Amino acid sequence: MPTCKKMTDLLSDSLEMKLPWPKILAMKLHLMVCKTCRRYRQHLMFMQKMLDGRVKAILLPEAARLRIKEKLKGETKE
Amino acid sequence: MAQLTVDPTTWLADHGDSLYRYAMLRVRSEPLAEDMVQETLLAAWQSFAQFSGQSSVKTWLIGIMKHKIIDHFRKHSHETESLDDFDDTDELLAHSFDADGHWKINLINWGTPDKSVSDEQFWQVFHRCLARLPQNMADLFILRTVDGLSSEECCKVLAIETTNQLCVALSRTRLKLRQCLEIQWFDQG
Chain R
1 MPTCKKMTDL LSDSLEMKLP WPKILAMKLH LMVCKTCRRY RQHLMFMQKM
51 LDGRVKAILL PEAARLRIKE KLKGETKE
Chain A
79 MAQLTVDPTT WLADHGDSLY RYAMLRVRSE PLAEDMVQET LLAAWQSFAQ
129 FSGQSSVKTW LIGIMKHKII DHFRKHSHET ESLDDFDDTD ELLAHSFDAD
179 GHWKINLINW GTPDKSVSDE QFWQVFHRCL ARLPQNMADL FILRTVDGLS
229 SEECCKVLAI ETTNQLCVAL SRTRLKLRQC LEIQWFDQG
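Respectively, the protein sequence lines represent chains R and A. The C-terminal residue of the first sequence carries number 78 in the numbering used here, and the numbering is unbroken. The C-terminal residue of the second sequence carries number 267 in the numbering used here, and the numbering is unbroken.
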């Protein structure tokens, strides 16, 4: 069974890619018996959810887009 | 190569949001982020001949912006918190785990995200924690988890050699960010 330290990597990896089933199984077994790793997983998911909800909503404001567009047209004229 | 459009206004339309988001997360100023998007696109237009076409236009633009951000922090290093790239990852690992790799700290209950997401103070803390990360960690976290740049593209932009190294770096970044949020926000009441 993976150590807790290794679990932080596996839990992070599981957000990046589909893990092979032996790793998933080992992770699930560890989570069944380790409250702290369950909490660590909750915290990772918390951070991801916060980012999805808020940071992805940062968009280039329309006025800024227009200013940049004008500037680019001016500067890149042949 | 000959088929690629050399039109910065197209790049602005396609990648303006990604570039702006990246700049905002790093420099935290709307006017400055706007300037950086503009400068990045102009620099890209001027140096288009050097674009190899081996990466996507987006990755190429982000690579240019990355250097603009580094330059910015170099010039203004006295004004910001994150500048010396002091990396205390090893200390954090030693603080968190015993010799057998078991947790030796307690993690507190953070509750549900819904409450914090609308709390401005939480976001100030979040940005402060992001700013405390070494620059390469902050870049990696933003580009991979916020902007969804692929692992391969992240490796290219950030000069990381293997996906495995990328995964380890992301895991350490999450560990650090979690620790910072816990201390600065969740453990304050």
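The reader is advised that the hints may include incorrect statements.
Stated by the list, open to error - Residues of chain A placed beyond 10 angstroms of chain R at every Cβ, according to the derived structure:
no.: 1; residue: VAL105
no.: 2; residue: GLN132
no.: 3; residue: VAL135
no.: 4; residue: ASP149
no.: 5; residue: SER174
no.: 6; residue: ALA209
no.: 7; residue: THR240
no.: 8; residue: ARG252
no.: 9; residue: GLU260
no.: 10; residue: GLN262
As the list claims (entries may be wrong) - Below, simulated DSS-like cross-link-like pairs (lysine-lysine); rule was C-alpha separation at most 30 angstroms, straight line:
no.: 11; chain 1: A; residue 1: LYS153; chain 2: R; residue 2: LYS18
no.: 12; chain 1: R; residue 1: LYS49; chain 2: A; residue 2: LYS153
no.: 13; chain 1: R; residue 1: LYS77; chain 2: R; residue 2: LYS56
no.: 14; chain 1: A; residue 1: LYS234; chain 2: R; residue 2: LYS23
To be verified - Computed far set for chain R versus chain A, every beta-carbon distance over 12 angstroms:
no.: 15; residue: TRP21
no.: 16; residue: PRO22
no.: 17; residue: LEU25
no.: 18; residue: LEU29
no.: 19; residue: MET32
no.: 20; residue: LEU44
no.: 21; residue: ARG67
Rather than coming from a laboratory, the hints here were simulated on the basis of the structure. This structure is a prediction, so every number in the text was calculated from the model and none was measured. Don't be surprised by glycine CBs; every beta carbon is placed ideally from N, CA and C.
Hint-by-hint comparison with the structure:
no.	hint	verdict
1	VAL105	12 angstroms, holds
2	GLN132	23 angstroms, holds
3	VAL135	15 angstroms, holds
4	ASP149	19 angstroms, holds
5	SER174	8 angstroms, violated
6	ALA209	14 angstroms, holds
7	THR240	13 angstroms, holds
8	ARG252	5 angstroms, violated
9	GLU260	8 angstroms, violated
10	GLN262	13 angstroms, holds
11	A:LYS153 with R:LYS18	41 angstroms, violated
12	R:LYS49 with A:LYS153	34 angstroms, violated
13	R:LYS77 with R:LYS56	33 angstroms, violated
14	A:LYS234 with R:LYS23	27 angstroms, holds
15	TRP21	18 angstroms, holds
16	PRO22	17 angstroms, holds
17	LEU25	19 angstroms, holds
18	LEU29	15 angstroms, holds
19	MET32	16 angstroms, holds
20	LEU44	6 angstroms, violated
21	ARG67	7 angstroms, violated
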